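> Build the full structure now, drawing on both the sequences and the hints.
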Amino acid sequence: MNESEKPAGSQGADKPDPAVPDPAVPDPPGTESSEPPPAKPIQHPDYEKDPMERRKFLGRIGAAAGILGAAGYLALAPKDWPLSLRDTTGLRSKPHFTPVSLNDFRVPKPIQQTADVGIGRGGTPDQMLRKALDAVGGLKHYIQPGDIVVVKPNVAFDRSPALGATSQPALLEALINMLLVDCRAQEVRVCDNPIESPADCFMKTGIRKAAEKAGGRIYLPDSNAFKLLATPGATLIQEWWFFHRPFTNVDKVIGVAPVKDHNLCYASMGIKNWYGLLGGRRSQFHQDIHEIVSDLSIMIRPTLTILDGTKILMENGPTGGDPSNVVDGDVVMASLDPVAQDAWAFEHLLKRDPDQLPEYLHKSEAKGSGKIDYRGRIKEIL
Amino acid sequence: MSLPPVVPDPGSSKPDSPAVKYFPPPVRKKLRLTNVRIASQIFFFSAFFVLCWLTWTSRLEGYPVSRILEMDPLVMISTMLSTGYVYRFLGWGLLVLGLTLLAGRVFCNWICPYGTLHQFIGWLFNVHKTKENFDRNRYRDMYYFKYAVLAVLLIMASMGALQIGLLDPICLMYRTTATVVAPIFDMTIESIPGMDPLWIDNLKFAPGVSSRVFVGSFWIGLFMLVLVGANVFVPRFFCRLICPLGALLGVFSRFSLVRINRDVHKCTDCNMCLTRCEGAADPHAAVRVSECFSCMNCIDDCPEDALSFSMVGLDTKQVKLLPDISTRRMFFAGVVGALGYPFLKIHGTNTDANFSPDLIRPPGSVEESEFLEKCIKCDQCINSCPTNVLQPATWAEGGLEGLWTPVMNFNIAHCQLKCTLCSEVCPTGAIRKITVDEKLGKGEFVEQGPIVLGTAFFDKGRCLPHAMDIPCVVCEEVCPVSPKAIQTHDEEIKTVFDEMVVLNKPFIVPDLCIGCGICQAECPVRDDRAVYVTAVGESRSTERSLLLKNRSGSG
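Protein chains in written order, with the working numbering: chain A, 1 to 382; chain B, 383 to 937.
No lab work stands behind these hints, which were simulated from the structure alone.
There could be a bad hint or two in this list.
In the DSS-like style, the derived pairs of lysine-lysine whose C-alpha atoms are separated by at most 27 Å in a straight line are [to be verified]:
#1 LYS513(B) with LYS209(A)
#2 LYS363(A) with LYS702(B)
#3 LYS824(B) with LYS209(A)
#4 LYS109(A) with LYS363(A)
#5 LYS815(B) with LYS209(A)
#6 LYS363(A) with LYS351(A)
#7 LYS363(A) with LYS379(A)
#8 LYS351(A) with LYS367(A)
#9 LYS227(A) with LYS351(A)
#10 LYS876(B) with LYS842(B)
#11 LYS824(B) with LYS363(A)
#12 LYS379(A) with LYS109(A)
#13 LYS351(A) with LYS379(A)
#14 LYS213(A) with LYS702(B)
#15 LYS702(B) with LYS513(B)
#16 LYS800(B) with LYS824(B)
#17 LYS887(B) with LYS876(B)
#18 LYS371(A) with LYS109(A)
Note that the structure is predicted; figures quoted are calculated from it, not measured.
Written as structure tokens, this is what we have:
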């Protein structure tokens, strides 16, 4: 029932509110209180008339004007005015990413040293690695105490290490131990963006266990771990999504790559390893594989590139999958010049014809990441 | 919370005066049964999520992550009816069944994580006054419905159509956690700025996968929300009205040794016991044992100490042991159940003659008709999948019967070669437990060959080297088998731009293809993939195979 339809005086008359004097009938001065109270107009007892005061009115008007004015400024001011949100073309709202750039992580080699490529032969992976590093001047020359070091193994597939499709955990463990114990690095980060499930690949390849045992930290990719990276001079990846989170505040970068056959670019070695840091629609790069690999050689300038010649995937690469595709080797390489290193490995580890070097090595040389001609720049420690 | 009854102050009253009856002050014990119950609920609720969190490739080290599902006696009984056997760890269901036979539906309010969720939400949004709660917690005639649901589902199961997972609380909760809760949680964790990456990896349900998606998970989430939201209108709506597991336990609780008992001599009919009665078990009158969740709230709330959870000296008159279901209703439920099976089958969207090419089951899955007899749609496999390839099937892939069963969507990801996690966590054997050797046809399984999920095909009109003279062959690179099931015919051609290009034109070797789908997942033609896998050729079924086995010329 509507309030106005209620019988007259049903509530107002029954419960007169003495606290509220009726404004309609003012008490004349001198009226005696014994007189019966004047009849009240029909009104709901909870209803109280609110007089709009001038101050309140002005306040409201002012607030409305302020809000509307501010909103109007934000929405309508020309776009070069401060705080303007105006977007006349619809292009201002397009997401804009500021590309980041990477430092050059290279360290000059010791004075009077000629070798750019060190080769260590024979013994355990630990010994081979030490020999290879000693050949280029020792790891301590390159890593300072307190450095944060990124180690980038190849963890692309969920294969066991014996299948040669990924980096060998023993070598990685030895390297991290050297970094943390011998060189007193502050932190070693191990990262890759595998083709298959990252968590699974890191586990099945044994990389996770090896890294954590030695004290390294695994960085797994997720959707917020990538940043747009600018690579000046690159053809295909002048700006491209890059697995950047592990590279935050990093001092040195070391690649640890296996030596593998590759169906499309003939061989996947030290330079191709950096492919694993790309994000985005990276499978498109197969349309111009040699160009992208040479771009990778200038995208990142690593402190050292280590090639793992202990398990060499000779065929059915880069995935492998069968132990018969793998040949055991006894070589670990460490290099300041990834191009020379890949050229040597192509000839001596994959046992391919040096006249048919992958085109990407020539392109990398042209882009200035190294020299194919390794003669006179190699030091081998047996 | 109930207030203690008004008692005369023992200090001021004279104990020797016969006129004043002395009531001892009520004992407000800290260690009340309800507090123990809450502790148990918190434990099992956390255990549920910890187990879901553990179900990930980097954390699984032999933990029994599916144990809560395996403890569900409804899963045990219904799969036993549909298949005739009890798979692997499903015998654990006897634990809960035994508990029910001894102590009634203790499971519902002490263990069941879904029940805990309902109780919590109901408690949180309960704005009603005590007197209103009396009425909300009285038994209502409609609560018989869950027994009808149980009867329908069990009859269908016994004929071979297992739909128990749609409404079984544990399956429902697992499914929702796997496809809705976990991805939303992960998304939130990822987007917290400045978070230490170590913490991101430790907290996320699925570290290392960016933004898992689950096709159709909106409906799974909505289903859950509606059921949980109904608590606002009817307390424990799902538990009292729908839950088939609760109904099953309700039937078995008839034999329980211990139960809630009302001492009619002490009872003053104040109805306070109804304030928080979870099961609508009528503790104020004849206690309905089949409805009682043993939440112990009524014992707390009784000002007269008339209620007890006991074994001796029970009132045999003021009690209803059996569920309140009429023969007519049960007969009707039986008819519905008996009709349900043919209704599902004649729908005909998942037969050997007419099935979706996208109906690609995870490796180790048993043959489709058997699969449908075993899969409880708990989606624990989907939870464990490290690549996100496993998806809850929609009607398009699974048909009416296979809704929310696992299928592989190779547009999203691929089946990882050396992974058998889904087969390890499956509680019912719809995905049989297999080893990597069995999956790949190695070791003792050489004769049998690898498990084939489907077969890859090329759409040569969309493939870059075939149709457009542009080099690509990502598919060949990623093909994981050795020798590769995608191989190439290489030819050198001159493009319109007068450049010599070597084209590797790929083709499928169907004898080698295992249907893992990585070629489709990585194909750069993103919308309609130029290489795609369909279900035909799957090795689990002879009716859906493609190639003649051991034919001449197959190598």
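> For each hint, tell me whether it holds in the structure or not.
We went through each hint and held it up to the structure:
1. LYS513(B) with LYS209(A): Violated, at about 61 Å.
2. LYS363(A) with LYS702(B): violated, 87 Å
3. LYS824(B) with LYS209(A): It holds: about 26 Å lies between the C-alpha atoms, which stays within 27 Å.
4. LYS109(A) with LYS363(A): This hinted pair holds, its Cα atoms lying about 24 Å apart.
5. LYS815(B) with LYS209(A): Since the Cα atoms of LYS815(B) and LYS209(A) sit roughly 26 Å apart, the hinted pair holds (cutoff 27 Å).
6. LYS363(A) with LYS351(A): Judged against 27 Å, a Cα distance of about 21 Å means the pair holds.
7. LYS363(A) with LYS379(A): holds, 25 Å
8. LYS351(A) with LYS367(A): Holds - the C-alpha atoms of LYS367(A) and LYS351(A) are around 26 Å apart, at most 27 Å.
9. LYS227(A) with LYS351(A): violated, 38 Å
10. LYS876(B) with LYS842(B): Measuring from Cα to Cα gives roughly 20 Å; hence the hint holds.
11. LYS824(B) with LYS363(A): Outside the cut-off at roughly 42 Å; violated.
12. LYS379(A) with LYS109(A): Holds: LYS379(A) and LYS109(A) sit about 13 Å apart, inside 27 Å.
13. LYS351(A) with LYS379(A): holds, 19 Å
14. LYS213(A) with LYS702(B): violated, 62 Å
15. LYS702(B) with LYS513(B): holds, 24 Å
16. LYS800(B) with LYS824(B): Judged against 27 Å, a Cα distance of about 12 Å means the pair holds.
17. LYS887(B) with LYS876(B): With a Cα-Cα distance of about 15 Å, the restraint between LYS887(B) and LYS876(B) holds, given a limit of 27 Å.
18. LYS371(A) with LYS109(A): holds, 16 Å
Violation of the numbered hints given earlier is confined to hints 1, 2, 9, 11 and 14; the remaining hints are satisfied by the structure.
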